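Undergrad: Respectively, the protein sequence lines represent chains Y and R.
Each residue of the first sequence is one higher than the one before, counting from 1 in the working numbering.
Each residue of the second sequence is one higher than the one before, counting from 1 in the working numbering.
If you're looking for bench data, these hints aren't it; they were derived computationally from the structure.
Worth double-checking, as some hints may not be accurate.
As the list claims (entries may be wrong) - Quick look at which bits of chain R chain Y covers, simulated, 3 or more residues with Cβ under 8 Å: (1) 31-44; (2) 202-213; (3) 225-233.
In this text the structure is predicted, and so the values were computed from the model without any measurement.
The beta-carbon is built from N, C-alpha and C at its ideal position, and this holds for glycine as well.
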Amino acid sequence: MNELLKQLTEAVGVSGEEKEVRLLIRDLIRDYVDDWWVDTMGNLLAIKKGAGVLNWRVMVDAHIDEVGLMVTEIDSNGTLKFDPVGTIDDRTLLGKVVQVGPKKLTGVIGARPIHLLKSNQRHSVVKAEDMRIDIGAKNKEAAGRQVKIGDRAAFVTEYEEIGYTAVGKAFDNRAGCAALVELLRGEPYPFDLCAAFTVQEEVGLRGARVASYALRPDVALVLECTPAYDLPNERDVSPNVALGRGPSIYVMDSQTIQDPRLVAHITRTAASHNIPYQIRQPGGGGTNTGAIQRAQAGLPAATIAVPGRYAHTPTIMINLDDYANVVKLAGVVLRELTPEILMRNA
Amino acid sequence: MNELIRKLVEAYGPSGFEDGVRELIRAEIAPYFNEIRVDAMGNLIAHRPPDADGPGLKVLVAAHTDEIGVMVTHVTEKGFLRFTNIGGVFPHNLSGSRVQFADGTIGVIYWERLDDHTKVHPLSKHYIDVGATSRQDCPIGVGSAAGFTRSFVAQGRRLTAKSMDDRIGCVVMIEALKRLTSSPHDLYFVFSVQEEVGTRGAEVVANALTPDVGIAVDITPTGDMPEAPTLAVGLGQGTAIKVKDSGMIAHAGLVRLMRQRAEEAGIPYQMEVLERGSTDARSMQIAGPGCAAGCISVPCRYAHSTSETVDSEDVEASIRLLVEMVSRPIQL
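All chains, full assembly: derive it from the sequences and hints.
TA: What follows is the structure in structure tokens.
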């Protein structure tokens, strides 16, 4: 059992309320870094001093927040109205268990039982605004004693391994966090490694933006969990990335065109170390690279991700070999990173 | 000038992959600057300190080097390529057009079987054929970028090519440089990257330089074709002074000054209000502490197609206005 992944995915940290995850990571890394601090927005930033080979600062980012819900209103019957925090497909919410507020009260996103559905209701999608979280309170007053408007609700999925597959919540992006923790536990790098465990990625890359101003790196690497859609498809356009085919490398998404020099370094390094990799299908989505690349005078930045099925739902599935290969690949990519890689030929 | 235009518009440079265009431009401008550098994102930044008769302002002038294009998302078993857009690619311009990859490979774009010819079909219904017969023998992989290809044509005053957006802006800047005898300003001439995917290059340049004034040189669509969208800008009617587009309201003082300089020098001009679309100036205006931003536009028909058409007299007027703007004092 990968205890690191278990601890990190089971911790709760819906965007803007990441303290539990931050404290956990702080304790996981404090013996392996030279300095750490928490900034105004709640980013956990840490410096692992280099071996002095290169006078360089390399930022490695992993966001610590996860998508979830926020209580917006308590109904007269004691059920809770909510808004999504981050992007969530309404269709994945009905009937799910959530943990509400700092007390982690168990709540159920209620659904009308199938016995009582009319035939047209069976074929329609219920909108999140028409759903409620039921915490079993008998009325508004009773619910108000347990829950406050603004409380977050998080998904509840216990970490589990089925052979080489792991199932849990919040692999997006605790898989990236776990990989960064492992990287920090290694020997010093040739340069100062600036670790950024950032907040509020799911609501607009907000934490990474300020972190990249504060850390003033020369180059940045973002560790992520990217949605995999590799189920059978009749048309010849899939998969975007597939579980078990290795770390996925970003080239272009809705926010960035990744630095081609870094992308070439990553794929070359993977090939020379016999680490499998796949190019993530260019297109939608976005990672903290979007904020980091455009901070200050611009920064060379790229992304390596663990493919995860069913992203932004209560349950994500990853392949543990992919995860291990992301740790391995990110490690060698960093250790073999030199300023020459970023030199332009003219 | 047509040879310079030909060289630049026919070069390969989809957003994010502008290296070739940058090197062509660097060779052109090298004699005019002591200080030329390339930043992390690939913007080419050329600095010209003020002449003795300063003091002037810090002025950033930018035209973008990138062009729209496509990127491969999937290679089919039979070696055809599926793709996504880089920037604003219109599906109705695609069928039968050709693209070129960085390694020179040419691809033909065509559509799947169409059940309804009266509808415009999305990018996902198109594919690229590079002559491969299987995934194994296909020279192109997922993540490869391609630009459209089309040769440059000059027909009287009318110049037609792919990537007039915005290589013609680059040409305006290069020609202005050649004619510039003196300037009171601390001038930064920037040939920016990744404009077509969200004015990203200009954003980091403006962050780093914190200019007082930012001027983009870009193209703007015209409204003078049959049943065209209502736009007051016409081809051959002069350079266009931007007042507003969907990303920016130009600095009123700068607009007034552009107009005044055009009047004084007898440069034909027209006022531009663009309802959809924007330029690097929108990023400059709000980057860092912000700056007074405006845009000199070259009117251009058929933007984002392989037959973007400009008028050489409008190009000339744009060059003259840019020279007037940067060689004389700017009071806002």
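Undergrad: Tell me the hint numbers this structure goes against, listed in increasing order.
TA: 3
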